[in-house]
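Novice: Please take these sequences and the hints and turn them into a complete structure.
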Amino acid sequence: MAVPFKEANIDAPESPDSAQTVSIETRLYLPQQTPAPAIMLAHGFGGSLRSVHTQAEEFARRGFVVLTWSARGFGRSTGQIALNSLDREVRDAQKLLDFLGTRDEVQKDSGGDPRVGVTGASYGGALSLLLAGVDKRVDTLVPVITYNDLAQALLPNSALATPRSDATPAATAFAEDGVFKRSWAGIFFSAGMTSIDLSSPTGDAPESGQREPSQNSVQQPQQPGGNSGAQGLQPPTPSLGACGRFTPEVCAAYTEVATTGRASQQTLDLLRRSSPVAVTDQIKQPAMLVQGEQDTLFGLDQSDATARQIAAAGGQVKMVWYAGGHDGGNPGTALRGEIADWMAFHLKDEGTDPGTGFEYTVQGAFRSSGQPSLRTVVAPSYPGLAGGTATERKTLKLTGPEQIAVNPAGGNPAGISNLPGLGSVLSRSAAIASRLSLDMPGQAAVFTSEELTSQLLLTGSSTVKLRVARGDESSGEAVLFAKLYDVSSDGTRTLPGSIVAPFRVALPPDGSAAEVTVTLPGAVRPVESEHKLALVVSTTDQAFANAEQPAAYRISLASDEISVPVVPGRNVTEGFPTGALWGIAITLLALLGAGVVALFRRRMEHDSDPDLAGVPLVISNLTKSYPGGLTAVNDLSFRVEHGQVLGLLGPNGAGKTTTLRMVMGLIHPSEGHIRVFGHKVTPGAPVLSRIGSFVEGSGFLPHLSGAANLRLYWAATGRPVEEAHVEEALEIAGLGDAVHRRVRTYSQGMRQRLAIAQAMLGLPDLLILDEPANGLDPPQIHQMRDVLRRYAAAGRTVVVSSHLLAEVEQTCSHVVVMHKGQLVAAGEVADIAAGGGEATFRVDSPSKAADVLRGLEGVQEVHEDEDAVHAALNGVPRATAVSALVAAGVSVDQAGPRRRLEDAFLELVGE
Amino acid sequence: MNEHDVHTDPGAITDLTDAAARRRTEVAPDGSAAGYKARRTLPIRVELQRQIRRRRTQLVLGFLVLLPFILALSFEIGQSDPNRRTGGFVDLATASGINFVVLTLFVSSSFLLPMIVALFFGDTIASEASWSSLKYLLAAPIPRHRLLRQKAISSGILSFFALALLPAVALGVGVAWYGAGEVVSPTGEAAPFADGVLGMALAVCYIAINLFWVAGLALFLSVTTDAPLGAVGGTVLVSILSQILDQIEPLGDLRNYLPSHYAMAWADLLSTDIDWSEMTRGTFSALVYGGIFTLLAASRFKTKDVTS
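Top to bottom, those sequences are chains A and B.
Going by UniProt numbering, 334 is the number at position 334 of the first sequence; the sequence numbering is gapless.
Going by UniProt numbering, 307 is the number at position 307 of the second sequence; the sequence numbering is gapless.
Keep in mind the hints are simulated off the structure, nothing from the lab.
Since the model is a prediction, treat every value here as computed from it, not as a measurement.
Hints are not guaranteed to be accurate.
Unchecked claim - Away from chain A, derived, C-beta distances all over 12 Å, residues of chain B:
#1 ILE13
#2 ALA19
#3 THR41
#4 VAL65
#5 PHE69
#6 LEU112
#7 PRO192
#8 LEU198
#9 GLY234
#10 LEU237
#11 ALA298
#12 PHE301
Said to hold, decoys possible - Simulated crosslink set (DSSO-like; lysine-lysine; CA at most 27 Å straight-line):
#13 LYS304/B x LYS820/A
#14 LYS136/A x LYS95/A
#15 LYS680/A x LYS304/B
#16 LYS680/A x LYS848/A
#17 LYS304/B x LYS37/B
#18 LYS680/A x LYS37/B
#19 LYS37/B x LYS302/B
#20 LYS108/A x LYS6/A
#21 LYS397/A x LYS348/A
#22 LYS95/A x LYS397/A
#23 LYS302/B x LYS680/A
#24 LYS465/A x LYS397/A
The beta-carbon is built from N, C-alpha and C at its ideal position, and this holds for glycine as well.
Specialist: Here it is as structure tokens:
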């Protein structure tokens, strides 16, 4: 959702008392509700109001009126860059404050005094400090990754002859006559020349709790004048010339430093007048200083100085060090949110008091998510500020003899510590960049500490005392670079923040040593136990203006101690996902609950009828219908009494197998129920252990032998081995030595026999066999009938299904005939097969035979068939009837009892 | 009559009927034969025997033993710089025995390990159905919930054994080839050998937990279909789909809900300062997905009509 904004050009005097004006382009972003407090959001060097568009929208969504503008000399604002001069850029900003004071959308403290906070990064951060210092209408400020003293930022000198105060964690010497930070200064200057922003960090710094590498929202492609919201309009072509859009004074100062590597007093004054240090003693507004740990341009020492100066004058400061900076990326979402929270509290009295504490981010190992692990440590206050306790310092022993370091002529080749301006490229790999560091052999002196016995969380600038002396006659001063490496036990060196501390020291002409206290670069680094610290003092660094004259220096430790600052605090344990832990506990409980519920439901299922305890099988109103409308079994009821061999007869598809599957608890009946020995059958009902079954084919593990299959099957039932009678069952199967072959090699018949043997394991009270004769040859079928009959005779009950009438007639004592899922007939085989004393005669001429039979006395109900006649003889011997037929010239092929079962069955089968 | 004939000796029938006549079945109050106890059915030992004697189980375990040797051999053939100490997992593989284990897990954890778990869990019920032996187990009777549970536990034991076997063999091979040196992480951190072994043991445990979702899904498909290939293949397909979606950057945070999203979180165990958050989330995600699939499998199996 885009936030609406209004654009306006505001004219401001070119300089105080000047009649000329410059035109400042502005945008006013409006929140949904006005009037609201305002935030002035300044852009970085080389940018324009377009480069802070996204952040402005974020503030507006938090309910602030946001004013952005292009500083003079940037974007479409006219005028020349005077480097945040108090008379120029700061006056322009005051003009914008006037403008805010006239807007109805902006909440007012009084008449023309808007309720306003100022923030900005880098160049914009410095402006916010300067504006807050000179104009009391500013209510609060959040300068981000900015400088305190531009002279010290571009020409740092970290060495002092006398020890400095170590009260704050990152205080640096800020000595005069620094070493020119050539690479960065060049990038900075060219940004003003061409309006191409190379100096501002691109991308967001990683944050703790962030799990994906975010190709973030505020990243801007490098385009002239910044691009966001530019909508294709090109900014005015910068006036070309050696000075670009810089004022002649600034241009001259840069040219001087860039060509000589030294700054004159005039230049230093110019830089200092443009620096917050000029006004920090005036800042009484609550300030939150945000500085980056990956910043070789404006290091932690800059914000340290600002904090000290504000606190000394009585102001309140909150300090935040985050895992970004000019080399590491802009503040990420969480930190931008924190800035907005700060503004909300101080401008709107909303939220909790962000306080005046100190937060720093500790960067650890890489994670599986591709981000380095980060944790935030919070201390109650930034130590060493006015009235506070000084920073705790740990002392480690350094060892190393006096070493000679050579400065090559022209300062080349030079050591490498960082790659300024590539910050944008390397921002995502700043932790890797810290490994790129390279010291030229022969150009460095190395001093190493003992292995640490416990982790040391370095937080700020360490100090060492060094002795430097001339190694030859050639030089009166030394330009040196100090670095503090974290050396792991396998020798891997890491330069925290890729930062070096340059220093210039005057050497006594007599060859004696100059003793200096060197402040090492400010950094946050957890140095693990068994790691060492290594102090490297080198003669060159390619990011700086090195000494041109060849020289050699003797470097040694003046004191064998290194003083390391630590700031104890508590970890912000955002990192640990308590939500996920609760989730795990709840999930486990839910699964356990589901198991318990299922257990109770199974307990409730048991249902038995003691009256039927002696009846092997009772089927009542059994129906199985499928969703498609097919009814496989329809209202089937029958019972099987003890000792019977019951045949379930029906054509294919009659529902026999479905019924037997329901008896075994494999299929759920739609209606009705089955009782076995009085117990209702449900899936896995214990009473099933009294049933042995063979239904629709064998089921064996093909990779095991027949014998192993039977033994494992019995083992799977969990019943005692001696109840199984495996040997007897195997003998019944009669597979010979094939029983030790894999089942995969068996014929259909062999599997069938093995399956019947398996059904008989444990000598079940009820044996259910589905089409047992399939696949057996006639002698085997004959044997099987014998087995079944004798098994029933031994006090067991057998149910056999078949689609063959003869099979049932010859095997069974009782029969149930099914067709299309319904019961057709039930009773003793003999009754049904030969009931009523009717006789059938197979004859050559049924009609003639019928006439003959009707003529016999007592014979009734004569029916003709195609090749037979049926009649109820009513006591007339069949022989008499036969002789009558023969006498009448009818040739009789066969005479016997009428097989009504067969008739009925054939009718059903449709033959 | 000789031994090779398929023939039932008439005497055998007499033996059987005699035995049947002699023995009257004792009946327990729940209607079962006296020797039957539902809680003793399908002991794990029996199910493991049934599975371990299968050729596919033996082949899979054999392959897992072979894989580290193949990897080591391929490094031998292609190796130019032994005992490197910088680079990614693959570059670091030869730095020490533990690094070799890390590589082995790294290359196998996206596809091979889920596939093995899918095989053991997806095949377990579906193959019984395809052999028609399922109905006899259920009619034995082994209560359905118990059959599912015992089979799931057996598959779990086999899967965990397979998961542990691979790094164990890799450790042996790695130590033999590259020595018991310090483990080096891609960030250059070095940890003692013993810590590395502990880390790998924890990694195996995490991978096992994280693959619970695969196990649950495979079990669900296994009770849903009678085709073992369908159950195993379906699970592997879902796993691959999840991994493909995990590569689609524009999905953003939605990818956190993919079941395979936290599959590589065990890599956090390599650092000296272990971050448990990804692994905790991975455990949660796996438990939720695995739990849902397992419950689905149980309810499906409980009400299913077994027709094969």
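Novice: Does each hint hold? Answer for all of them.
Specialist: Structure-based check of each hint:
no.: 1; hint: ILE13; verdict: violated, 5 Å
no.: 2; hint: ALA19; verdict: violated, 6 Å
no.: 3; hint: THR41; verdict: violated, 4 Å
no.: 4; hint: VAL65; verdict: holds, 20 Å
no.: 5; hint: PHE69; verdict: holds, 27 Å
no.: 6; hint: LEU112; verdict: holds, 18 Å
no.: 7; hint: PRO192; verdict: violated, 9 Å
no.: 8; hint: LEU198; verdict: holds, 17 Å
no.: 9; hint: GLY234; verdict: holds, 23 Å
no.: 10; hint: LEU237; verdict: holds, 25 Å
no.: 11; hint: ALA298; verdict: violated, 7 Å
no.: 12; hint: PHE301; verdict: violated, 9 Å
no.: 13; hint: LYS304/B x LYS820/A; verdict: holds, 24 Å
no.: 14; hint: LYS136/A x LYS95/A; verdict: holds, 14 Å
no.: 15; hint: LYS680/A x LYS304/B; verdict: holds, 18 Å
no.: 16; hint: LYS680/A x LYS848/A; verdict: violated, 57 Å
no.: 17; hint: LYS304/B x LYS37/B; verdict: holds, 23 Å
no.: 18; hint: LYS680/A x LYS37/B; verdict: holds, 18 Å
no.: 19; hint: LYS37/B x LYS302/B; verdict: holds, 20 Å
no.: 20; hint: LYS108/A x LYS6/A; verdict: holds, 20 Å
no.: 21; hint: LYS397/A x LYS348/A; verdict: violated, 51 Å
no.: 22; hint: LYS95/A x LYS397/A; verdict: violated, 56 Å
no.: 23; hint: LYS302/B x LYS680/A; verdict: holds, 17 Å
no.: 24; hint: LYS465/A x LYS397/A; verdict: holds, 12 Å
Going through the hint list in order, the structure does not satisfy hints 1, 2, 3, 7, 11, 12, 16, 21 and 22.
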